[in-house]
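Full structure from sequences and hints, please.
Residues in the sequence shown are numbered consecutively from 1, following the numbering used here.
No lab work stands behind these hints: they were computed from the structure.
Just so you know, even glycine gets a beta-carbon here, dropped at the ideal spot from N, CA and C.
Among the hints, a few may not be true.
Between beta-carbon pairs, the in silico distance windows are [unchecked claim]: (1) Thr32 to Trp313: 43 to 49 Å; (2) Arg343 to Gly184: 35 to 41 Å; (3) Phe202 to Glu86: 47 to 53 Å; (4) Phe187 to Lys335: 38 to 44 Å; (5) Asn199 to Phe281: 34 to 40 Å; (6) Ile234 to Glu318: 18 to 24 Å.
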Amino acid sequence: MITGAAVVLVIVLVRWAYLAIFRPPPPKICGTPGGPPVTSPRIQLRDGRYLAYKEDGVPKEKANYKIILVHAFDSSKENSFPASQELVDELGVYFVSFDRAGYGESDPNPKRTVKSEAFDIQELADQLGLGEKFYLIGVSMGGYPTWSCLNYIPHRLAGAALVVPAVNYWWRSLPANLSKHVFGKLFVEDQITFWIAHNAPFLLYGWMNQKWFKTSAIVAGSPKIFTKQDMEVIKKRQAYHESIGFQSKARQQGVFESLYRDLIVLFGDWEFDPTEIKNPFPNNEGSVHLWQGYEDRIVQVELQRHVAEKLPWIRYHENPEGGHLYTYADDWGDKVLKELLLRQEASD
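Put into structure tokens, the structure is as follows:
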């Protein structure tokens, strides 16, 4: 009798511990009672979710180029692409950025996958009338939705740029010695966090909210993950970000369906391997570019080189002095834009 009662007590305590520690709270959905207000234009997707977006550049009706921007980790549609206004006007570029599921003012998607991100982008393009083809620029964590588009909807793309794209250390094509080497270069707390996201995602919320051990330096935005150049970029953009409540807006519906879901999806099992993607532009009617900084402490250059070697149709650009944020320094944003839009025209 005592043994039976003890077992029941243990079960109750374990369930309580899971609910109290490991189960994330429900998201505060924008536009619902108790949730943040809706202040941006949104489209409704086929599954009923809302996707918030922001338009920039020249008017869509007058644009020569239409580009969808895919934002990074712990970011949002408010993080505009660092191209000069002069170049944007000269080329006639229309930008539309959007809050990925769970970020900013876009509804969370508990079923979010690498694949679902591609079809969110396709629906956005269709509902905004961007035409049969559009350009895509994915930055950092915005890299995996960009890879997804290259795999699932290549026929919709006029060109794409992957800027310091995040990588999955468990991609099938990665040689074991290379994956082990670059994974070992991460700070220990990031190694543990990414391992949990891949192997035990149900524990991620509890791990990220415990106080006994360091969690992720990358999630925390620790200065030690940035180069000197990165820190200069952060300092330069800090006043603007603070003025619009940048980080708080990105996380306003809860960190689980935004930040932590991003980690779970990125480090989860993909249905494809990027190095197995076929050339989406076999007749040179478009181009795909990958931009990487040699000094990047967040995404290791060795992995990007491996991907570029496996995909000879990718135009690989490496900045020997660049960190993770180097495209926000000097005129690198203009260089990315010119390579994507003008270099292709010159080769036609």
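Here is what the structure says about each hint:
no.: 1; hint: Thr32 to Trp313: 43 to 49 Å; result: 45 Å, holds
no.: 2; hint: Arg343 to Gly184: 35 to 41 Å; result: 36 Å, holds
no.: 3; hint: Phe202 to Glu86: 47 to 53 Å; result: 50 Å, holds
no.: 4; hint: Phe187 to Lys335: 38 to 44 Å; result: 30 Å, violated
no.: 5; hint: Asn199 to Phe281: 34 to 40 Å; result: 37 Å, holds
no.: 6; hint: Ile234 to Glu318: 18 to 24 Å; result: 22 Å, holds
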